[in-house]
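So the protein lines, in turn, are chains P and A.
With the working numbering, the residue at position 338 of the first sequence is 338, and numbering never jumps.
With the working numbering, the residue at position 111 of the second sequence is 111, and numbering never jumps.
Careful: at least some of the hints might be erroneous.
[Stated by the list, open to error] Quick list of in silico lysine to aspartate or glutamate cross-link-like pairs, DMTMM-like style, CA-CA up to 25 Å:
#: 1; chain 1: A; residue 1: 2; chain 2: P; residue 2: 4
#: 2; chain 1: A; residue 1: 129; chain 2: P; residue 2: 260
#: 3; chain 1: A; residue 1: 31; chain 2: P; residue 2: 309
#: 4; chain 1: A; residue 1: 2; chain 2: P; residue 2: 47
#: 5; chain 1: A; residue 1: 89; chain 2: P; residue 2: 52
#: 6; chain 1: A; residue 1: 89; chain 2: P; residue 2: 105
#: 7; chain 1: A; residue 1: 2; chain 2: P; residue 2: 52
#: 8; chain 1: A; residue 1: 31; chain 2: P; residue 2: 105
#: 9; chain 1: A; residue 1: 89; chain 2: P; residue 2: 207
#: 10; chain 1: A; residue 1: 131; chain 2: A; residue 2: 120
#: 11; chain 1: A; residue 1: 131; chain 2: P; residue 2: 307
#: 12; chain 1: A; residue 1: 131; chain 2: P; residue 2: 4
#: 13; chain 1: A; residue 1: 129; chain 2: P; residue 2: 193
#: 14; chain 1: A; residue 1: 131; chain 2: A; residue 2: 114
#: 15; chain 1: A; residue 1: 131; chain 2: P; residue 2: 104
#: 16; chain 1: A; residue 1: 129; chain 2: P; residue 2: 3
#: 17; chain 1: A; residue 1: 31; chain 2: P; residue 2: 104
#: 18; chain 1: A; residue 1: 2; chain 2: P; residue 2: 105
#: 19; chain 1: A; residue 1: 129; chain 2: P; residue 2: 257
#: 20; chain 1: A; residue 1: 131; chain 2: P; residue 2: 257
#: 21; chain 1: A; residue 1: 89; chain 2: P; residue 2: 307
#: 22; chain 1: P; residue 1: 284; chain 2: P; residue 2: 207
#: 23; chain 1: A; residue 1: 89; chain 2: P; residue 2: 257
#: 24; chain 1: A; residue 1: 2; chain 2: P; residue 2: 309
#: 25; chain 1: A; residue 1: 2; chain 2: P; residue 2: 178
#: 26; chain 1: A; residue 1: 131; chain 2: P; residue 2: 193
#: 27; chain 1: A; residue 1: 2; chain 2: P; residue 2: 3
#: 28; chain 1: A; residue 1: 89; chain 2: P; residue 2: 3
#: 29; chain 1: A; residue 1: 131; chain 2: P; residue 2: 7
#: 30; chain 1: A; residue 1: 129; chain 2: P; residue 2: 226
#: 31; chain 1: A; residue 1: 131; chain 2: P; residue 2: 309
[To be verified] Reference listing, derived: stretches of chain A covered by chain P, where coverage requires no fewer than 3 residues with Cβ under 8 Å from a Cβ of chain P:
#: 32; stretch: 5-18
#: 33; stretch: 53-66
#: 34; stretch: 89-99
No wet-lab data here; the hints were simulated from the structure.
Cβ coordinates follow ideal geometry from the N, Cα and C atoms, glycine included.
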Amino acid sequence: MSEEVTERIAAVWRIEGASVVATLTRVTGDVALAEDLASAAVLAALEQWPGEGVPRNPGAWLTAVAKRRAIDTWRREDRRRERYAQLAAVLPAETEPDWEPIPDDVLRLVFIACHPVLSRPAQVALTLRVVGGLGTTEIARMLLTSVPTVQARITRAKRTLTAARVPFETPEPAQWNERLAGVLGVVYLIFTEGYAATAGQQVVRPDLAREALRLGRVLAGLVPNEPEVHALVALMELQSARFPARTDATGAAVLLEDQDRRRWDHGQIRRGQAALAQADRFGKGRGRYALQAAIAQCHAVAPSVAETDWEQVVVLYEALSRLAPNPVVELNRAVAVAMAGRPADALALVEAVAASGALPTSHLLPSVRGELLSRLGRRAEARGELLAAAEAATNTQVARTLQAKAEALGSH
Amino acid sequence: MKYMLIMRSTPAAVAEHENTDFAEVLTAMGKYNEQMMNAGVMLGGEGLSDADEGAVVNFDTEDPVVTDGPYGEVHELFNGFWILEVPSKAEAVEWARRAPLGRGARIEVRRIHEESDFADYADHEYVQKEKGWRAEQAQRRAQTAP
């Protein structure tokens, strides 16, 4: 019974946690306090619900309990009278059974969790906690770190926000684009961490990527008129559609060219296409996420590697390269150029990346170089590069795949 | 994980429902769907038309018997469904609890099979074929997509 209630509380928190914290932040003006109060309310629920039953509107219950606790604390401390008065004024409304959270409060919460005063790890942890409604244990498991680390990150993040007196508001128009880009960056970082696990045994951590996708959909509901939000959702849908085919029975990574495309999630591909079409409908031109989504779409709709519209992929990478120059994009562009039948041109692009000194420790550079050399028939050099790539790879499964490729080239 | 929430109700409940203001029902259902979409968990759903337009094929006898709706001995009618993507059964159940339904209604919460459920039959001819069918179907739809 009590285990059931515990599970139910976790589910309620997932569904309503963001709204509860957002409401409390609006009332108290302090996200750190709001999160503490909400956590305390969840503890109260864990104590009371097993005996008393789950209230009809659990979110309203949590919010009301948290507010009462805030008032009690302040009454004891006999200070912050102004806020106390403010709270007392809104309290009666909270006993209404039809508590309806304000979506804009959740949006303000998103902007606080991804605020630029916070470090990226802090933004990720706080977003998963207060917007995603995940417990610290779950966050630690997803991020492959310890519970104390996650707790410390969240505590530090809250302290930073309080110290910086970050207001509970949506950004000014002049800062809107930059701040929204920051939020999208956090969501996409969570996704990529799940999509291409950078460390550890697993190639993909689908639960983390799925949570990022869900956060993206939440954002699309909150700011429906921002094409890049739909584009980000499209990108995540199209990329995660490949999850079922990205690992083999032993858990090893399967490269795009070797994936059984029948195993891709075709429902998800359709949703990704629809989201990209929605982004394009604004007619504002394609941003970085839309371009990446369009590339993912080229792969998603192609029956095989050979039948992929590589010229289109090259054009999209060129556009992306102009918009957001990045050595990883250059490497991907090189791969596309090679696939379009020009491996020598592709190698020149890779050499340019190498000459720039970018990506000195990444396995990507030697791995792409190795592939291209292999295609150009320079097997010995190719083998050397692939072995170097295997050496550099931090993900054990990726290293194994590269090793196997090198061995397949023989030792001559 | 994907779950299907299957909405069922007794014919009596369906009949009673007909007396309530349809616009109110639409609003309540619309709000419910909107909540699930805004929470990023709803992948789809459909409602079914009246049972009296339907039929039941019963396999109790060697030759299946066909009955026109609303099919006498069937106590609960399948009226519609939602497809949700959530990490746990508890969360699927929590969403089901929130549906704007009344007395006589039921929601059955069922996990949708994933390919990994058929791992032991991965080489089965029709498990293989089905993968191909799904991909082909999707390919055709992709070509007609906007």
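Structure-based check of each hint:
no. : hint          : in the structure
1   : A/2 - P/4     : 20 Å, holds
2   : A/129 - P/260 : 13 Å, holds
3   : A/31 - P/309  : 42 Å, violated
4   : A/2 - P/47    : 31 Å, violated
5   : A/89 - P/52   : 23 Å, holds
6   : A/89 - P/105  : 28 Å, violated
7   : A/2 - P/52    : 31 Å, violated
8   : A/31 - P/105  : 18 Å, holds
9   : A/89 - P/207  : 14 Å, holds
10  : A/131 - A/120 : 15 Å, holds
11  : A/131 - P/307 : 19 Å, holds
12  : A/131 - P/4   : 37 Å, violated
13  : A/129 - P/193 : 33 Å, violated
14  : A/131 - A/114 : 12 Å, holds
15  : A/131 - P/104 : 43 Å, violated
16  : A/129 - P/3   : 42 Å, violated
17  : A/31 - P/104  : 17 Å, holds
18  : A/2 - P/105   : 29 Å, violated
19  : A/129 - P/257 : 21 Å, holds
20  : A/131 - P/257 : 18 Å, holds
21  : A/89 - P/307  : 40 Å, violated
22  : P/284 - P/207 : 33 Å, violated
23  : A/89 - P/257  : 35 Å, violated
24  : A/2 - P/309   : 32 Å, violated
25  : A/2 - P/178   : 35 Å, violated
26  : A/131 - P/193 : 28 Å, violated
27  : A/2 - P/3     : 23 Å, holds
28  : A/89 - P/3    : 14 Å, holds
29  : A/131 - P/7   : 35 Å, violated
30  : A/129 - P/226 : 41 Å, violated
31  : A/131 - P/309 : 23 Å, holds
32  : 5-18          : violated (count 0)
33  : 53-66         : violated (count 0)
34  : 89-99         : holds (count 5)
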